[in-house]
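Just so you know, the sequences run in chain order A and B.
According to the working numbering, the first sequence is numbered sequentially starting from 266.
According to the working numbering, the second sequence is numbered sequentially starting from 465.
One or more of the hints may lead you astray.
To be verified - Cross-link-like lysine to aspartate or glutamate pairs, in silico, EDC-like; alpha carbons within 20 Å at most:
hint	chain 1	residue 1	chain 2	residue 2
1	B	Lys706	A	Asp482
2	A	Lys329	B	Asp656
3	A	Lys533	B	Asp482
4	B	Lys706	B	Glu752
5	B	Lys680	B	Asp534
6	A	Lys521	B	Glu535
7	A	Lys678	A	Glu599
8	A	Lys427	A	Asp404
9	A	Lys521	B	Asp534
10	A	Lys329	B	Glu752
Hints are computed from structural coordinates only; laboratory data are not their basis.
Below, each chain spelled out in residue letters.
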Amino acid sequence: MAVLIDSLTINFLEFIEVLKLAGVRVSISEILDAYKAMTYIDIMNKEVFKAAISTCIAKSEEEKAIFSEAFNRFFISSDLKTQEVEELIQKQETKKQEILKEISDLKFKGEQVEVVDELKEVYSNLDQNDKKSIVAFLDKTSSGKNVKNQFLPIVEQIIHSKLKSLKQNSVTENTIQRGAFSNVPSEAGYIAEQVVENIKRENSILYKNISEFNQNDISKALQLIKLFIVKYRRANSRYKKTNKKKRLDLKTTIRKNLNTGCVQFNLKYKMKPRKKDKYILLCDVSASMFKFSSFVLQFMLGMSSGNSLMETFIFSDGIYHINTRALSNNQSFEEMVINSPIWRKGTNISRSLNDLEDRGRAYFHSSIVYIIISDAKTVDAALAVEKLKSIRAKVKNILWFNPIPEIEWTRIKHIQGFKECCEIYDCSTLDKLERALDSKL
Amino acid sequence: MDLISLRKALELQNYIFDENFIVTLYIALKLEKPLLVEGAAGVGKTEVAKVLAASFNTELIRLQCYEGLDESKALYEWNYQKQLLNIQLNTQTHMKSETKDIKSCDSANDLKLENLFSEEYLLERPLLKSIRSENKTVLLIDEVDKTDEEFEAFLLEMLSDFQVSIPELGTIKAKNKPIVILTSNNTRQLSDALKRRCAYLYIDYPDVEKEIRILKAKLPEVEKKFAEEISTFVASIRQNPKIYKKPSIAETLDWASALLAVGKKKLDEDGVDKTLGFLLKLKEDILEFQKGGGFNRFIDDKLS
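Kindly produce the complete structure, drawing on both the sequences and the hints.
If you want it as structure tokens, here you go:
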């Protein structure tokens with residue numbers, strides 16, 4: 266019996282390890298609760314066992330999904346589990362051999378060009394044209410006049426740089442797979458990897474680049490955008506407390522002055538509720554943003570409809586006010602944006618902001634928060650940075666949602682300048698948009 | 465109470481549940497942990513507390529949360545008016561008797577001041593009431609996500625140790641640990657500290673089979689075939705990705721009642737048109753439903 270309990274405990278703790286590796290936050294008290302819960306149920310009944318420990322450990326809808334996936338993968342016969350892990354190891358080994366075979370094509374004057382493991386995978390993932398161009402470069406260089414074998418380190422350096430640049434362009438942050446040359450993880454690590462991959466596959470739309478949404482994704486994505494926006498708007502409808510004094514708090518005053526027979530020497534005041542923040546939504550509808558247009562339109566509609574504290578503008582080489590209160594349904598909203606004189610023009614943020622300034626001071630005071638949706642690709646970027654800095658000094662905050670993945674921001678001119686005066690968030694996927702909105706709730 | 469008795473007790477209340485629900489509830493009761501119930505609006509989160517109170521034949525104490533809720537509304541408050549009256553009364557008595565016997569008057573005055581923060585002046589609010597109750601109660605903290613973070617932090621002491629601290633009276637421990645049910649519509653993330661102290665239950669929309677059972681339990685006058693049609697129709701609406709506000713169980717029940725009220729015994733286009741407002745509560749959703757082919761499209765899909 267003692268052996269049975271011991272193996273159960275070990276199994277249980279290994280399972281907790283899988284959950285932690287898969288991203289579920291589990292505290293000691295929760296582990297103890299779950300362990301205690303096992304004593305109240307028939308652990309031979311798998312469904313009851315699953316429900317009992319899930320109750321104590323998985324504390325959100327997302328964690329429930331991870332828990333369920335991990336449970337189904339972990340609590341199987343040990344033979345099956347070992348077989349699955351061995352298959353995964355075998356798969357990794359096969360992949361490794363394939364990569365090594367491909368990399369053997371990279372030769373300079375008959376000598377193997379050495380490439381670090383990470384870049385070997387990058388080479389393997391390139392399309393055939395890129396691979397051919399690298400091999401052709403090596404062949405051409407090898408056959409050049411006065412080219413000696415001693416040039417190999419220089420050639421290796423060039424290949425490294427090329428692969429690094431190709432990696433930056435092709436790899437997105439959503440690549441979660443462990444490399445074929447990475448260290449072999451524990452059994453728990455393998456299971457956790459499979460769990461995370463499966464969960465991401467099921468919720469693939471959350472992690473898909475919004476510029477790549479196809480028609481099937483759109484309606485699902487719109488629902489998610491609406492949900493995020495509703496959450497955001499609810500959170501922002503809350504009044505926030507401030508330390509400014511206003512009305513006399515009679516109850517607290519009496520309570521504090523009881524010792525003096527209620528002679529009110531010490532007056533206490535109620536906290537004054539702060540005025541709600543007002544939002545100015547600025548959406549880039551220039552040509553470069555066209556591939557994000559369905560996202561931008563829905564984002565605008567969700568944010569602004571029925572929200573009296575939000576003013577919506579679209580901009581490209583100028584600015585245009587959108588009166589969402591006059592809209593009757595989604596169709597006319599899209600029409601209004603698409604028929605505007607600035608739809609799909611070039612981007613000039615500084616000119617657009619100048620136009621906004623011309624509309625008067627009402628758009629620039631301390632309770633205003635600006636929300637900008639733009640890829641930050643603009644002419645006169647330096648002027649735009651200066652303009653934004655001057656606006657930042659007048660308003661409460663400037664939030665910037667950028668649909669371009671953060672990894673590609675280095676290619677945007679003056680992004681550093683924009684970062685200095687705005688909080689810029691990567692919202693290239695719905696998951697990132699949700700996290701960005703959550704962080705501002 | 466064991467799992468079988470709990471199951472029977474809930475069944476007696478006509479409450480329809482699945483295995484996951486009953487095990488979660490059982491574990492929460494056994495561990496004496498608060499149960500945090502999350503799910504969309506109208507899936508029966510509040511009902512859990514009501515059913516538990518009825519099953520255990522005990523009092524249900526409800527704290528409805530809202531923005532700005534503070535401890536004076538949730539825990540306790542002193543009866544200031546009564547305290548003030550007492551002080552005034554005491555002062556007058558003191559003045560009248562000043563000429564007669566100052567010494568005795570002083571001692572009477574001191575006694576009153578000491579008593580100002582006694583039980584006599586304490587106004588119990590739901591949290592304190594549940595803790596001081598002589599019998600085990602069910603405490604429902606409804607829509608906890610609507611409160612401010614400060615109040616959520618204030619709840620932590622109560623939820624972990626089942627005790628509250630009142631500066632004037634000290635720490636009050638629960639005579640009988642209440643069964644605590646917290647509900648949340650997930651409009652904002654609750655803190656990890658709060659979640660850690662609770663057992664967790666997520667209630668999703670029911671599947672067709674479960675919804676039929678709910679309809680039969682709550683509206684026995686709905687015939688089996690009619691209940692099947694209603695549940696299938698509602699399930700198809702919930703699966704439609706273009707419908708934003710999915711109908712809840714409560715709305716299904718309302719809709720079934722409305723269909724009965726207009727004299728329908730089976731689902732048809734006329735009945736759906738007349739009562740759709742009970743099921744879909746947004747103008748956009750009604751338009752989307754009609755644009756997508758309405759009831760006829762549903763029938764076509766069902767036949768195909």
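Structure-based check of all given hints:
{"no.": "1", "hint": "Lys706(B) - Asp482(A)", "in the structure": "12 Å, holds"}
{"no.": "2", "hint": "Lys329(A) - Asp656(B)", "in the structure": "15 Å, holds"}
{"no.": "3", "hint": "Lys533(A) - Asp482(B)", "in the structure": "53 Å, violated"}
{"no.": "4", "hint": "Lys706(B) - Glu752(B)", "in the structure": "7 Å, holds"}
{"no.": "5", "hint": "Lys680(B) - Asp534(B)", "in the structure": "41 Å, violated"}
{"no.": "6", "hint": "Lys521(A) - Glu535(B)", "in the structure": "17 Å, holds"}
{"no.": "7", "hint": "Lys678(A) - Glu599(A)", "in the structure": "30 Å, violated"}
{"no.": "8", "hint": "Lys427(A) - Asp404(A)", "in the structure": "16 Å, holds"}
{"no.": "9", "hint": "Lys521(A) - Asp534(B)", "in the structure": "18 Å, holds"}
{"no.": "10", "hint": "Lys329(A) - Glu752(B)", "in the structure": "32 Å, violated"}
Going down the numbered hints, you'll see the structure goes against 3, 5, 7, 10, while the others check out.
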